Amino acid sequence: MLVIRRKAGECVLIGDDIEIEVIEISSSRIKLGIQAPAEVLILRKEVQQAGLQNLAASRLMSKKAIEELVARLRPGK
Amino acid sequence: MPTLPTPYLGTIEYSEDSVIVFASGLPAFEGERQFLLVERASAAPVLFLQSLQTPELVFMTIPVDVVLADYQLSLTVEDLADLDSEAGMAPVAGADLAVLGIVTSSRDAPTTINLMAPVVINSRTRRGRQAVQSGSGLYSCQHPLEQPRCL
Numbered sequence: 024m025l026v027i028r029r030k031a032g033e034c035v036l037i038g039d040d041i042e043i044e045v046i047e048i049s050s051s052r053i054k055l056g057i058q059a060p061a062e063v064l065i066l067r068k069e070v071q072q073a074g075l076q077n078l079a080a081s082r083l084m085s086k087k088a089i090e091e092l093v094a095r096l097r098p099g100k
Numbered sequence: 317m318p319t320l321p322t323p324y325l326g327t328i329e330y331s332e333d334s335v336i337v338f339a340s341g342l343p344a345f346e347g348e349r350q351f352l353l354v355e356r357a358s359a360a361p362v363l364f365l366q367s368l369q370t371p372e373l374v375f376m377t378i379p380v381d382v383v384l385a386d387y388q389l390s391l392t393v394e395d396l397a398d399l400d401s402e403a404g405m406a407p408v409a410g411a412d413l414a415v416l417g418i419v420t421s422s423r424d425a426p427t428t429i430n431l432m433a434p435v436v437i438n439s440r441t442r443r444g445r446q447a448v449q450s451g452s453g454l455y456s457c458q459h460p461l462e463q464p465r466c467l
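Going down the list, the protein sequences come from chains D and W.
Heads up: the first sequence begins at 24 in the working numbering, then just goes up one per residue.
Heads up: the second sequence begins at 317 in the working numbering, then just goes up one per residue.
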C-alpha cells in the first residue's frame, strides 16, 4: 500500500482524472473532496460490504432452505 | 386487494398502503424501491422483506434487538431523509422504527445476521432504508446466529 502524508488543503491525484483533496482534519475524522468522472463509482467501503452481504443473503433462497432456516431459528427448538 | 405471486412465500395479498418505499433501494439492489414486510406467525421472529418488483427476491430478517438487546442504531442525515422525507419529523426510535438484520445462510458456512447494515423501516411513513453503520466497527455484517441460544 502506498502511504502519503498530506495536510488539510493538499491533494493527491490518481491517474489523469481523479483528484482527492483533504478538506478538513479533526480529531476523529477527515473530510475528503473527490473529483472524478461520473462513471467512476465512489462508495464508502462499508456500503460496498453491505452490498456484497445483500447479494450473499439473496442467493440460496429456496422454499426448502427458507423453511429449514426458519425451523432452526425458532426459539425453543 | 392486489396480490403478488412469489416462488418462496406463496401468493401474498397486500394493501397499497402497506408497501414500504426504499427511496435509495438497497446496496447492490439500487433499483429495488418497493418491498412488503411479510409476517408469518409460524416464522416469528423471522420477518420476510419481499420485493414487490422482483417476486424471487426476498430477504429473511430478524429484529436486531432479538439478537443484541442493547443494539445502538445511529442514523445519518441521508438515512433520516429517506425514512421521513414527507412527514418532516424525525422518527422516534422504538415507537416508529423497526430495525431488522438481514440473515445470510449457506450450506457450508454458519448462519449470520448483518448488524452492520440494518434495514430500518419507519412504520409511520412506510419508508425504509438500509442504514449502513459507519465508523464504530462495533457491529459485524456477519454476526453469527447461534441458535437457539441467542434468540
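In short, the hints are calculated from the structure, not lab data.
Source: prediction; values computed, not measured.
Here a beta-carbon is modelled for each residue, glycine too, at the ideal position from N, C-alpha and C.
Just to be clear, a hint being listed does not mean it is correct.
Derived Cβ-Cβ restraints for the label pairs, each shown as a range [unchecked claim]:
hint: 1; chain 1: W; residue 1: 372; chain 2: D; residue 2: 31; range: 41 to 51 Å
hint: 2; chain 1: W; residue 1: 462; chain 2: D; residue 2: 61; range: 14 to 24 Å
hint: 3; chain 1: D; residue 1: 24; chain 2: W; residue 2: 327; range: 46 to 56 Å
hint: 4; chain 1: D; residue 1: 35; chain 2: W; residue 2: 369; range: 32 to 42 Å
hint: 5; chain 1: D; residue 1: 70; chain 2: W; residue 2: 330; range: 50 to 60 Å
hint: 6; chain 1: D; residue 1: 49; chain 2: W; residue 2: 381; range: 27 to 37 Å
hint: 7; chain 1: W; residue 1: 456; chain 2: D; residue 2: 30; range: 32 to 42 Å
hint: 8; chain 1: W; residue 1: 323; chain 2: D; residue 2: 30; range: 48 to 58 Å
hint: 9; chain 1: W; residue 1: 369; chain 2: D; residue 2: 51; range: 19 to 29 Å
Some but not every residue of chain D turned toward chain W, in silico, with C-beta under 7 Å [unchecked claim]:
hint: 10; residue: 81
hint: 11; residue: 84
hint: 12; residue: 89
Hint-by-hint comparison with the structure:
1. W/372 - D/31: 41 to 51 Å: holds, 49 Å
2. W/462 - D/61: 14 to 24 Å: At 45 Å between Cβs, range violated.
3. D/24 - W/327: 46 to 56 Å: holds, 52 Å
4. D/35 - W/369: 32 to 42 Å: For residue 369 of chain W against residue 35 of chain D, whose Cβ atoms are near 41 Å apart, the range 32 to 42 Å holds.
5. D/70 - W/330: 50 to 60 Å: Check failed, 29 Å falls outside 50 to 60 Å.
6. D/49 - W/381: 27 to 37 Å: Holds: the Cβ-Cβ distance is about 32 Å, inside 27 to 37 Å.
7. W/456 - D/30: 32 to 42 Å: holds, 34 Å
8. W/323 - D/30: 48 to 58 Å: Because 56 Å falls inside the window, the suggested range holds.
9. W/369 - D/51: 19 to 29 Å: Since the Cβ atoms of residue 369 of chain W and residue 51 of chain D sit about 40 Å apart, the hinted range of 19 to 29 Å is violated.
10. 81: Where the cut-off is 7 Å and the nearest Cβ of chain W is about 6 Å from residue 81 of chain D, the hint holds.
11. 84: holds, 6 Å
12. 89: holds, 6 Å
Checked against the numbered hints above, the structure breaks hints 2, 5, 9 and satisfies the rest.
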